[in-house]
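All chains, full assembly: derive it from the sequences and hints.
Here the protein sequences come in this chain order: G and W.
Just so we're aligned: the first sequence equals residues 106 to 359 in our numbering.
Just so we're aligned: the second sequence equals residues -11 to 411 in our numbering.
Hint data in this document are derived by calculation from the structure and do not stem from the laboratory.
Ideal Cβ positions, reconstructed from N, Cα and C, are used throughout, including at glycine.
Hints may contain errors.
Using C-beta positions, here's what the derived DEER-type ranges look like [as the list claims (entries may be wrong)]:
| id | chain 1 | residue 1 | chain 2 | residue 2 | range |
| --- | --- | --- | --- | --- | --- |
| 1 | G | Glu316 | W | Glu79 | 51 to 57 Å |
| 2 | G | Arg325 | W | Leu(-10) | 51 to 57 Å |
| 3 | G | Asp271 | W | Glu229 | 56 to 62 Å |
| 4 | W | Asp89 | G | Val329 | 53 to 59 Å |
| 5 | W | Tyr374 | G | Gly134 | 40 to 46 Å |
Derived list of chain G stretches under chain W, where covered just means 3 residues or more per stretch with a C-beta under 8 Å from a C-beta of chain W [unchecked claim]:
| id | stretch |
| --- | --- |
| 6 | 192 to 205 |
| 7 | 279 to 292 |
| 8 | 315 to 326 |
| 9 | 338 to 350 |
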Amino acid sequence: MSSGYRVMVGVKRVVDFAVKIRVRPDKLGVETAGVKQAMNPFDEIAVEEAIRLREKGHAAEVVAVSMGPTVCQETLRTALAMGADRAIHVETTKELQPLAVAKLFEKLALKEKADLVVLGKQAIDDDSNVTGQMLAGLLRWPQATFLSKLSVSGDKTALEAVREVDGGLQTLHVPLPAVVSCDLRLNEPRFATLPNIMKAKKKPIDKQTPESLGVDVTPRLQTVSVDEPPPRKAGVKLETVQDLVDNLKKGGMI
Amino acid sequence: MLARVVSFSLARAPSIGARGQAAIRVTGTCSSVLPGRKFHSFPDAKLGLSEEQLMLQETAAKFAEERMLPKAEEWDRAEHFPVDVLREAAELGFGGIYVRDDVGGSGLTRLDAAVIFEALSGACVSTTAYISIHNMCCGLIDVFGTEAQRQHFLPGLTSMKRFASYCLTEPGSGSDAASLMTKAVRDGDHFVLNGSKAFISGGGDSDVYLIMVRTGDNSPKGISCVLVERGTPGLSFGKKEKKLGWNSQPTRAVILEDCRVPVANLIGKEGEGFKIAMKALDGGRVNIAACSLGAAQKCTELTSSYVKQRKQFGKPLGQNQSLQFKLADMATSIYASRLMVRDAARLLDAQDPAATAHCAMAKLFACDAAWKVCDDALQMHGGYGYLKDFPIERYLRDVRVHRILEGTDAVMRMIISRNILKD
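So this is what it looks like as structure tokens:
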């Protein structure tokens, strides 16, 4: 791949992280009606990284992609306002689960001849953390997930990706085309500037549907129930250190 | 092709950057008070806005929360003029919101500006008010300046590389602005300025001063607007005033002693200065009213959280009907203020001849209402409201001056009654 990659970035519209969420009365999910929504924070980091790749001269084009009902276009406009060049909206009102999303991205990545797909590591509504991994599997492309640092190799055919893993930091050499997912420390997303917000109006948003991409998005997982965590119970006050040790032993903690 | 492991280290991951603290963000500046996460905001400032305006509001609110709110208490206490954060705001386009975009402005409307200032003000009223004054000055040059003046001064101002101050008030003329006495006498291709201006926001720190001076007779038509740059011999400043609020912006007297200013720095025509000054103030009033609105909204939200947590007589304060009714009144007056501010802004954008009177009504109503809302908010916090550990008292101190500057409540009533009594 010569310089001038096409970078595809996934952005998901989720309940804003600062909102106090409530479980729906039917206990099958979280209340989203009338609740403030925003771009998934990890996706903001993904958009920022893609734009930085373009600003450094590695990427030629950043394409933002979102999937879901019409209102997803708001999230795409935010990505465009941050600096993405164009956007694609895969419109559907059906429930989209990670495997379906990965299949849709597979079709889009091939159709648009993307060199790199950048996703957030997980969405803060379902915390699945699988879409990027499954997409790489479907495309049979290399993957680097939980990125905390990304740079381009000298000959520009690969990425040097630093991942945050349980044991510390792992550096991977990732030949392109590839799929990466972004973690919290990768970058600080920029604010959309006022001029860019106004420019975003004129950038194109192409429409697709699961049908036009030939993907069956029928859900394969069924949510059985959603509950709030049990309220915190009061703890027990202990008088002496011996009591503490006895209790820890009784609880099998030491 | 597979990815190849290059190295694996037990190096500690770097610490989370400021923005990365998304999940553990603390709003409010006091470590002992964590306002509850809110399900919604009421009355909702998002209602009635276009998709673009919602994005402008979102950017402003995010910037305010991340860059201004954490520092607001410190800026107030240390009387610090946050030049670095102001310049960050300018990078986003807040330096010349309604200035045309060929000189670095954002080319937006007065309504967009009102939405932005309301959002920023929730974090720091004082700093936002200064940004609005700077915007008022830039707008003035954009509308009344020559092409050469626009190209020369505005790029530096819209980027906030340089700051601007608006100088109308004098020790002897406040509400009676047209009786100003600072004189400008023509001498060849210069004006020689003598006099002084009082209570100038940004005075001493600003680079560009828009000064209303008397070039002609003692009528309002004898006043002109002249741009004076800091460093010009004969331009000096008084001591920094100690104020009840607005502490993140310096306030000083501006002193002119045989200050020679090129005639090329005349903004508009000779004799147009008073008209220019008043036109600028119409927008300034909408902006200040928007700042008041942001403070009132914020204080109401803080209070709503507080009365749900604080218990007395065995139940949360919020279960007392007297406080519920008080909160309802606060919300209602915010809603009314918001409608007036946004409507007045729309009239300005439409260049409606009735705009001036409506800007006056909006300013009068919103600034008085905000003072009352912030005062009620403080009262509902009880003793804690009086402590500087809680942000309420700072909002109250900051909004108090909005009832005075850019036209007192009395001057607003003069404008309004004049319009009612017109033939």
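Query raised in the report: With a cut-off of 8 Å between beta carbons, are at least three residues of the stretch 338 to 350 of chain G near chain W?
Result: violated (count 0)
Query - C-beta pair G:Asp271, W:Glu229: status relative to the range 56 to 62 Å that was hinted - result: Taking Cβ atoms as reference, G:Asp271 and W:Glu229 lie about 57 Å apart, which means the hint holds.
**Report entry** G:Val329 and W:Asp89 - C-beta distance against the hinted 53 to 59 Å
**Finding:** 54 Å, holds
**Report entry** Coverage criterion applied to the stretch 315 to 326 of chain G (partner chain W; beta-carbon cut 8 Å; 3 residues)
**Finding:** Result for this restraint: violated, n = 0.
Query raised in the report: Per the hint of 51 to 57 Å, is the separation of the Cβ atoms of G:Arg325 and W:Leu(-10) within bounds?
Result: About 28 Å separates the Cβ atoms of G:Arg325 and W:Leu(-10), which means 51 to 57 Å is violated.
Query - Coverage of the stretch 192 to 205 of chain G by chain W (three or more Cβ within 8 Å) - result: violated (count 0)
Query raised in the report: Do the beta carbons of W:Tyr374 and G:Gly134 sit within 40 to 46 Å of each other?
Result: Roughly 44 Å apart at Cβ, these two residues keep to the hinted range, so it holds.
Requested in this report: Note whether the CB distance of G:Glu316 and W:Glu79 lies within 51 to 57 Å or breaks it.
Outcome: Check failed, 43 Å falls outside 51 to 57 Å.
Query raised in the report: How does the coverage statement for the stretch 279 to 292 of chain G fare against chain W, requiring three or more residues with Cβ below 8 Å from a Cβ of that chain?
Result: holds (count 5)
Of the numbered hints stated above, those contradicted by the structure are hints 1, 2, 6, 8 and 9, listed in ascending order.
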